[in-house]
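> The lines below spell out each chain.
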Amino acid sequence: MFKYVKQLTSLVAMVAVLFVFTTETMAAKKSKTLKNTQKKGFVRCGVSQGLPGFSNADAAGNWTGVDVDVCRAVAAAVLGDANKVKFTPLSAKERFTALTSGEIDILSRNTTWTLSRDADLGVTFVGVNFYDGQGFMVRKDSGITSTSQFKNGISACTNIGTTTELNMRDFFNSKGISYEPVAFEKADEVVAAYDSGRCDTYTTDKSGLAAQRTKMTNPDDHLVLPETISKEPLGPVVRQGDAVWEDIVRWSLNVMIEAEEYGISSSNADAMKVSENPAVKRLVGSEGELGSYLGLDQDWSLRIIKQVGNYGESYKRNIADTGILPDRGPNNIWTKGGLLYTPPAR
Amino acid sequence: MKFKKILPQLLTLLFIVLVFGFFTMNAQENMGARGLEFGFGFLNTQASFDIQFSLIDYDGSHTYARAYLVGLLNTLLVAFIGIILATILGAVIGVARLSPNYLIRKTASFYIEFFRNIPLLLQIFFWYFAALRALPMLEDAPLLLNSSYMTIKGLYTPAAIWTNFDIFFTTIIISIIIIFFFVRYAKKKQEQEGKRLPVLIISSAIFIGLPLLTFLIGGVDLSWSFPVIRQMSQSSYTFDGGLKIPPELIALTLALTLYTATFIAENVRAGIQGIGKGQKEAAASIGLTPSQVLKLVIMPQALRIIIPPTTNQYLNLTKNSSLAAAIAYPDLVLVFAGTAMMQTGRAIEIVGITMATYLTISLCISLLMNWYNKRIAIQEK
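As they're listed, the protein sequences go chains C and L. For what it's worth, the working numbering labels the leading residue of the first sequence as 1, then goes sequentially. For what it's worth, the working numbering labels the leading residue of the second sequence as 347, then goes sequentially.
Honestly, the hints are just simulated from the structure, not real lab data. Virtual Cβ for every residue (Gly too), placed ideally from N, Cα, C. Some hints could be false.
Partial pick of chain C residues on the chain L-facing surface, computed with a CB cut under 8 Å [claimed, not checked]:
| # | residue |
| --- | --- |
| 1 | K93 |
| 2 | D120 |
| 3 | D141 |
| 4 | S142 |
| 5 | I160 |
| 6 | R169 |
Quick list of simulated restraints, FRET-style, between CB atoms [stated by the list, open to error]:
| # | chain 1 | residue 1 | chain 2 | residue 2 | range |
| --- | --- | --- | --- | --- | --- |
| 7 | C | S148 | L | M701 | 53 to 59 Å |
| 8 | C | K231 | L | M377 | 26 to 32 Å |
| 9 | C | G80 | L | E383 | 38 to 44 Å |
| 10 | L | I507 | C | S174 | 27 to 33 Å |
| 11 | C | G337 | L | M377 | 42 to 48 Å |
Away from chain C, derived, C-beta distances all over 12 Å, residues of chain L [to be verified]:
| # | residue |
| --- | --- |
| 12 | I427 |
| 13 | Y448 |
| 14 | Y474 |
| 15 | I524 |
| 16 | A628 |
| 17 | I632 |
| 18 | A674 |
| 19 | W717 |
Next up, chain C with everything else stripped away, as it sits in the complex (with noise of 0.2 Å):
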């Protein structure tokens, strides 16, 4: 009889576990994300498995890039600082489901906003940090100049996962060209199956051509073509129902765009306290209550220019210095032709 005593008492206690799991997976508490990390002490940030100058580790597992940057000016603001994030590399099959079942907080994985990912993903994207769009790469002895030289039977390596599978079909649909699709699971795969001349061209972010190129065996011997053939906005994501989380991250990266604007940057912070100018003392915060709104301290602002600097100092540091895209096209300040237009910070 002693048996079933056990076997009895093992699962009302199985029972009782459950329903501790459930009240608590109901209990919706206001912010949990922001609980959650400040308890740990880090910033949990999802980042591609190593794209130069969006997000890629050295040798020494030091990431950097303009998609790191956003997670660590989150971190900066949050904890105080910078380094306190833990990044979680992810390839582009698993990053919604990583970040929806809650392994991470951020998504900064340039990830292309889209209305079906918004809507129907669980997500919400919370701003752009990188105006992209979709390109071809092919073999500079091909003579091939422009996309208008393709023709029929071509053969165009990419990744799976990808808003790239979806615009090569309406791409060479359009232009009524038959084409076979070869995508591979992995970046690292595409670019050594491109390279060893399985496929005529290479497509992805224009962004991503420019970066993968410098890994091909003879980075000459390629060329980007200049048309482009959709639009990628790329921004950082969050998951649905967190409104205060959400808030956070997306003014994170506004702070860093409006820096610049304003001519804030990690060098001169501290001296422009006492400007003039009330917008740059609300974002150095040495006027307003901003940080309140977000449930921050008054210097999360201030740290995040002091620690990650503004967006023109990430974009230089990340992407021009490492010679990927050294001019800035549209990611450059309204004011100075580029399409980063920010609401105000006030």
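Use these hints to put chain L onto chain C, whose structure you have.
For chain L alone, coordinates are given in the frame of chain C:
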């Protein structure tokens, strides 16, 4: 007393139901909290992405359900070819391992030790990337067998163009049925009258003759479309016409075959060695020829040892084919659990369908092999 027997069963059942119930409810709640809906309606929406290689008519305007079917058929194709080739190669290597010839024996054991001790994924990468780079570009490819080209973009072979293929196909089925009944009749005749009919010759005559006849009177015709090279740009070429077998399929089949064949070879060796020497000697002493000894005495017994572990290897090969995703072969995992999952975001539904599919394929292979195993097992009379 009876209650005491049933109680543990009931508790176990309750436990399983509770665990499943908990996971289902938890998933539903969490999905609900994030605004996700559970459902299979997405299967009927347009897929909008193209697939490189398909056995059925498919392009992006078809549905996700159709894309699933394309992936499934590609998986079955690679599993089917792989199983057949691995079985043939495994049987040959397994017998070679027992060869009295030193060189053959040692080569076979070297092959087995080499290929079964390297991770399969590495072998797939090797065959794809290393072999791919070694293959010629299209314009430099030599003509093979006066008809085909092996190039970096795949194997281009002549394609068969059939007229009235359905008539031809039906005739083949009919001839197989005729052969089946003829063999049964011949066996019966031998048992009753002791007369041996030339079964092999007559069967082959039926199998070749009947379909050939359809060419003469059935209106069946076969012509070939040969691949013809065409320049696309200064340095890139393509072939028009013919049949194209993508290098991804070739590399994957090659890697799966070479890997699985090592295990099958060991099964075959174990099967043959498991038969006592006395069996062979006894068979020889009653006057059977060496080929009859092998066919009537050794193999029926050896197969009983070989089949069950070989079934495992068939299952392994089928499941291992999902590594295709690494080298762009559009199998079920790449197309459905990859692209389709990404485009729809229906992770739970799609992973569920994919798991159920692999389970079904594996169970079918198991059932088939168990049926065969039962057939060749000792029949107690």
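> Please go over all the hints and tell whether each is borne out by the structure.
Hint-by-hint comparison with the structure:
At its closest, the beta carbon of K93 (chain C) sits 5 Å from a beta carbon of chain L; the interface hint therefore holds under the 8 Å criterion. Of the supplied interface hints, the one on D120 (chain C) holds, with its beta-carbon coming within about 6 Å of a beta-carbon of chain L, less than 8 Å. Residue-level restraint check for D141 (chain C) holds (minimum Cβ-Cβ distance to chain L is 4 Å; threshold 8 Å). The restraint placing S142 (chain C) at the interface with chain L holds, with a minimum CB-CB distance near 4 Å, inside the 8 Å limit.
The criterion of a C-beta within 8 Å of any C-beta in chain L is met by I160 (chain C), whose closest approach is roughly 5 Å, and the hint holds. The restraint placing R169 (chain C) at the interface with chain L holds, with a minimum CB-CB distance near 5 Å, inside the 8 Å limit. Distance hint check: the CB atoms of S148 (chain C) and M701 (chain L) are about 45 Å apart, inconsistent with the given range 53 to 59 Å. A C-beta distance of roughly 30 Å is found between K231 (chain C) and M377 (chain L), which places it inside the suggested range of 26 to 32 Å.
With their beta carbons about 39 Å apart, G80 (chain C) and E383 (chain L) fall inside the hinted range of 38 to 44 Å. I507 (chain L) and S174 (chain C) have their C-beta atoms about 31 Å apart, which keeps the hinted 27 to 33 Å range intact. Range check, G337 (chain C) to M377 (chain L): about 44 Å between beta-carbon atoms, so the 42 to 48 Å window is met. Every CB of chain C lies more than 12 Å from the CB of I427 (chain L), the least distance being 20 Å, so the non-interface label holds.
The Cβ of Y448 (chain L) sits about 40 Å from the closest Cβ of chain C, beyond the 12 Å cut-off, so the non-interface label holds. At roughly 8 Å from the closest C-beta of chain C, the C-beta of Y474 (chain L) falls inside 12 Å, breaking its exclusion from the interface. With a least beta-carbon separation of about 43 Å from chain C, I524 (chain L) lies farther than 12 Å from that chain, consistent with its non-interface assignment. Remark: the non-interface label on A628 (chain L) is consistent with the geometry, its nearest Cβ contact in chain C lying 54 Å away (cut-off 12 Å).
Distance to chain C confirms I632 (chain L) as a non-interface residue, since its nearest Cβ pair spans about 59 Å, more than 12 Å. Its beta-carbon lying about 5 Å from the closest one in chain C, A674 (chain L) breaks the requirement of being farther than 12 Å from that chain. For W717 (chain L), the non-interface assignment is confirmed: its Cβ lies about 37 Å from the closest Cβ of chain C, beyond the 12 Å cut-off.
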